[in-house]
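Dock chain B against chain A, hints included.
Each protein sequence line maps, in turn, to chains A and B.
Going by numbering that gives the first Met the number 0, the first sequence opens with residue 0, and the numbers climb by one from there.
Going by numbering that gives the first Met the number 0, the second sequence opens with residue 0, and the numbers climb by one from there.
Hints in this document: simulated from the structure, not taken from any laboratory.
A few of these clues could be false.
Said to hold, decoys possible - Within a straight-line C-alpha distance of at most 35 Å, the following computed DSBU-like cross-link-like pairs (lysine-lysine) qualify:
(1) B/Lys322 - A/Lys141
(2) B/Lys185 - A/Lys69
(3) B/Lys185 - B/Lys367
(4) B/Lys389 - A/Lys28
(5) B/Lys355 - A/Lys257
(6) A/Lys74 - B/Lys367
(7) A/Lys69 - B/Lys396
(8) B/Lys302 - A/Lys63
(9) A/Lys20 - B/Lys327
(10) A/Lys1 - B/Lys389
(11) B/Lys327 - B/Lys353
(12) A/Lys269 - B/Lys322
(13) A/Lys269 - B/Lys397
(14) B/Lys356 - A/Lys74
(15) B/Lys397 - A/Lys69
(16) B/Lys302 - A/Lys282
(17) B/Lys363 - A/Lys63
(18) A/Lys257 - B/Lys389
(19) A/Lys69 - B/Lys289
(20) A/Lys20 - B/Lys322
(21) A/Lys215 - B/Lys397
(22) A/Lys257 - B/Lys322
(23) B/Lys389 - A/Lys141
(24) A/Lys63 - B/Lys322
(25) A/Lys1 - B/Lys303
(26) A/Lys69 - B/Lys389
(27) B/Lys396 - A/Lys28
(28) A/Lys141 - B/Lys397
(29) A/Lys141 - B/Lys396
What the hints assert, rightly or not - Which residues of chain A face chain B? A partial, calculated answer using Cβ under 8 Å:
(30) Ser60
(31) Lys63
(32) Trp79
(33) Ile237
(34) Ala241
(35) Val246
(36) Ser248
C-beta: ideal position from N, C-alpha, C; glycine also.
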Amino acid sequence: MKIFDWLKERYDLDFFIHIFKEKEVPKHKFTFFYFFGGMALFFFIIQIISGIFLLLYYQGSAEKAYESVKYIVTKVPYGWLVRSIHSWSANLMILCIFIHMFSTYFLKAYRKPRELTWITGFILLSLSLAFGFTGYLLPWNKLAFFATRVGTDMLNKIPLIGNWLSSIARGGEDVTGATLTRFFGIHVTVLPLIALGFLALHLYFIQVQGMSTPIKVKIKENMPFFPNFFLRDLFVWILSLAILAAVASLFPWELGEKADPFAPAPAGIKPEWYFLFTFQTLKLFPPHIVGFEGELVGIILFAIAGFLVFLVPFLDKKAQKDEIDKKFAIFGILALIYIILMTIYAWLD
Amino acid sequence: MKNIFLIIISLSLYTFGSNCINCHKNDKYYMEWQESAHFNSNIECSICHNGKPVEESKEKAHLNLKKFFTKKEIVLLCGKCHEDKNFIKKFNPNLKTDQLSSYKTSKHGISLFEKNDENVATCIDCHNSHKVLKVSNPLSPVYPLKIVDTCAKCHSNKELMEKYKISGNELEDYKKSVHYDLLINKNDLSAPTCKDCHGSHGAIPPGVSSIRFVCGRCHILNQEMFEQSLHKKPWEENGFKYCEECHGNHLIEKPNDELLNPENGLCLSCHTKDDAGGKLMVHFYNELKKMENFLDENNIRAKKAEDGGIFMEETFINLQEAKAKFTKGRTMIHTFSKEKFDDILKEGFEILEKEKKIIEEGFKEISKRRKGLAIFSIFAFLLAILILLKLRDIERKKNG
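Only chain A is shown next, with the shape it has when bound in the complex:
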C-alpha cells in the first residue's frame, strides 16, 4: 500500500483506480463470450514470453534456422516444451481471436460508440494472421517452405504491383534465405511493435467504454470488474494454461524435414488451418472468370469481403439505433458456415 501511495502522490492513477473500484461487467446469458478476448490476450502474453526464450537460441538464416530449432527441441533443457508452447499457443490465440470476433459481430458490440474497438480488433486479427504466416516459415522445414512459396505466390496475381510486392515479401524472385531473414525480422520486431500499439489502444477503449451489452438481451445484474470478473478471468486463464500445457506436452509440435529449395514440392501442401478456407476457395476457382485470372478474382473478392467486415460498424446503421438488422446476422452465419465447411473440406482434401 505504501508503494501505491508513493505512486499516487506522483502520478494520476484515477484511471486504474476506476478500473479496479468502479468498473462493472454486465451479467447476461452471453457473458461467457467476454472471456475469449481475455484468453486471446493470455495466449499473446505466452507468445511473447516463449518467443523471447526461443530467441535465445534461434538463428534466422537458411543455413542455421532448421539446425537451431532442432537444437532447441533436442538439446536445450525444456526447449521442446517452449517451442511446442509457442506453436500451440499461437494457434489457440488465433482460434480465440476468431471466436472473440464472431461473438462481437453477432452480439453487435461494434455499434456506436465502440467502432474503434472493432477497427483495432480487426487490425489485431490481421496482425495475428501475419504473425502466423511469418512464424510458420521460421523453422525452415519443407512444408513451411513450400506453403510460403504458395502463399507469397498469390501476391504475384495482383495486377501491376503484384511482382513488386512478391519480391518485397520474398527478398527476391523466389523464397530463399533472404525471405527467411526478413520474415524473422518482421516476426520478432515489426509485428510485435505494431501489435503492442494496437493492443494497448484496443484495451484502452474497452476500459474507457466498458463492456458492450447485446441488443435486447436482459441484463441480470452488473458485477464488479474487480475482483468478481477478474477472478473469473483468472480461472479461465488457468484453465487455458492447463489445456496449453496438456496439448504442448502430449502432442509436441513437429519439426519435419529441412527445407530443400531444389527438391520438388511434396504432395498435399497446405497452409496453417486458419488460411485453409481461403486456400481451398482459390483452389476451386476456375482458371479464368470473364477474362480475368480465377485466382485474382478470388483474391479481390476476399479483399472486398475483408474490407466490408472492417467497415461493419459504419455499414450496420440499424445497430447504431440499438435495432437488429437480420441481414448482418444472416451474412455472419453464412460466413461462419462457409469458413467451417471450407476448412473441413480442405483438411480432408
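Chain B in isolation, oriented as in the chain A frame:
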C-alpha cells in the same frame, strides 16, 4: 554418293515441298508418319517409297513407287540410313549406327537372312512402320514401360513360339518378377526388361556361361562374391546355370530369407541339414531373422517415441544404416563365408544395441514429461478450485 543423294532429296523436299500431302493427308499411314521422329527430321515418304513427290500429277509422282516391302527389304531399307554414321550424326550425333549389323547377329536376323524365315521380328515390328518414335518417347513401343508387351506380341504367342522351342511363358513369368514390380509399380525405368538381358537389335538368349555377366551388370557385388566363393568350381564342373540356378530367369522373385529356411531352403537341394553347407544355411537364416526382428522392434519403438514427442531423426538414420548392414549381410551370403557374413552383421547388431538404449532413454523422457504434466495439472486444478471458492465467498458476502 548415297549421302549426297539423300541430302539433295531432303533439301529439295524442304525447298519445294512434297506433294504427297495433296492426296494422302487423310491416310492413316500419312497421319502416323506426321507424329514420327522422321517427320521432325524431314525424312519424307519418298526416301522409303521412292516416287517423285515434287511432281503434281499422280502418275508422275508415283513413278517407281514402292508400296510394299518384304521383311528383308525393310531391314535393309532402315539400315541404309541407320548404319550410315555421317548421315545419322546430322540428326543425332549420339545415335548408334550398329543396328543392322547387330540385327544380323541376332536370332531374328539369322533366321531372316540365313533361313528366310519371314516370321521373325524386323524393325517395324518393334518401332512401328510409319509412327516411328524416339526410344525416349513414352509412347514408343520400345520405351522401357512398353517394351515387354512389344516383345510379348510374338513371344507370348505359344503356337508361334512352339516352332522355335520357346515356351511362350516368358512374359507371364516376367510379370511376376521383382524386376517387373520395380518397373511398373515403383516406376524404376532402370529395372531390366527383355532387351537389358537379351540385347535389343542383337537379341539372343544369354548362354549358361555368360548369364552371370548379364546379372552382374547390375548385381556387381553378388557376382564378384560368387566368383570368389568356394561354389564357383562345383558350379562350373556341373554345368550349373550360375545365378539362374537359385534365382530363376524370367520369374525372378524378390529374394527373401525363406530361401534359407532350415526345413526346405534352397541349399538343401545339394546339401543335407547336417553337412557344413546345411549348417551354414541355418546359421545365415537364424542370424538374419534375429537381426530383422531386432530392426523391426527398434523401428516400432522409435516411431512410438517419436509420436510421444521425442526427436528421433538421428535414430532413424542410424537404423537405416543398420538396415544397410542387414542388406549387405544378405548379399554376403553369396560369399558362403561365415566369417565375412558375421563381421557385417556384427556391425549392424552394435548399431541396433546402441539405438535401443537411446530409444529407451526417449521413453524415460516421455514418462518424465507425463509426470510433470500430471503434477502441473493437479496444481492448476487446485488453484482453479481456490479461485472458485474465493469467488463464491466474495459473492455470498455481497449478497448478504
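So, going through the hints one by one against the coordinates:
no.: 1; hint: B/Lys322 - A/Lys141; result: holds (25 Å)
no.: 2; hint: B/Lys185 - A/Lys69; result: holds (33 Å)
no.: 3; hint: B/Lys185 - B/Lys367; result: violated (43 Å)
no.: 4; hint: B/Lys389 - A/Lys28; result: holds (23 Å)
no.: 5; hint: B/Lys355 - A/Lys257; result: holds (25 Å)
no.: 6; hint: A/Lys74 - B/Lys367; result: holds (16 Å)
no.: 7; hint: A/Lys69 - B/Lys396; result: violated (54 Å)
no.: 8; hint: B/Lys302 - A/Lys63; result: holds (26 Å)
no.: 9; hint: A/Lys20 - B/Lys327; result: violated (78 Å)
no.: 10; hint: A/Lys1 - B/Lys389; result: holds (25 Å)
no.: 11; hint: B/Lys327 - B/Lys353; result: holds (19 Å)
no.: 12; hint: A/Lys269 - B/Lys322; result: holds (33 Å)
no.: 13; hint: A/Lys269 - B/Lys397; result: violated (53 Å)
no.: 14; hint: B/Lys356 - A/Lys74; result: holds (17 Å)
no.: 15; hint: B/Lys397 - A/Lys69; result: violated (54 Å)
no.: 16; hint: B/Lys302 - A/Lys282; result: holds (34 Å)
no.: 17; hint: B/Lys363 - A/Lys63; result: holds (29 Å)
no.: 18; hint: A/Lys257 - B/Lys389; result: violated (50 Å)
no.: 19; hint: A/Lys69 - B/Lys289; result: holds (33 Å)
no.: 20; hint: A/Lys20 - B/Lys322; result: violated (70 Å)
no.: 21; hint: A/Lys215 - B/Lys397; result: holds (27 Å)
no.: 22; hint: A/Lys257 - B/Lys322; result: holds (23 Å)
no.: 23; hint: B/Lys389 - A/Lys141; result: violated (50 Å)
no.: 24; hint: A/Lys63 - B/Lys322; result: holds (30 Å)
no.: 25; hint: A/Lys1 - B/Lys303; result: violated (57 Å)
no.: 26; hint: A/Lys69 - B/Lys389; result: violated (44 Å)
no.: 27; hint: B/Lys396 - A/Lys28; result: holds (23 Å)
no.: 28; hint: A/Lys141 - B/Lys397; result: violated (58 Å)
no.: 29; hint: A/Lys141 - B/Lys396; result: violated (59 Å)
no.: 30; hint: Ser60; result: violated (20 Å)
no.: 31; hint: Lys63; result: violated (17 Å)
no.: 32; hint: Trp79; result: holds (7 Å)
no.: 33; hint: Ile237; result: holds (5 Å)
no.: 34; hint: Ala241; result: holds (4 Å)
no.: 35; hint: Val246; result: violated (10 Å)
no.: 36; hint: Ser248; result: holds (5 Å)
Of the numbered hints stated above, those contradicted by the structure are hints 3, 7, 9, 13, 15, 18, 20, 23, 25, 26, 28, 29, 30, 31 and 35, listed in ascending order.
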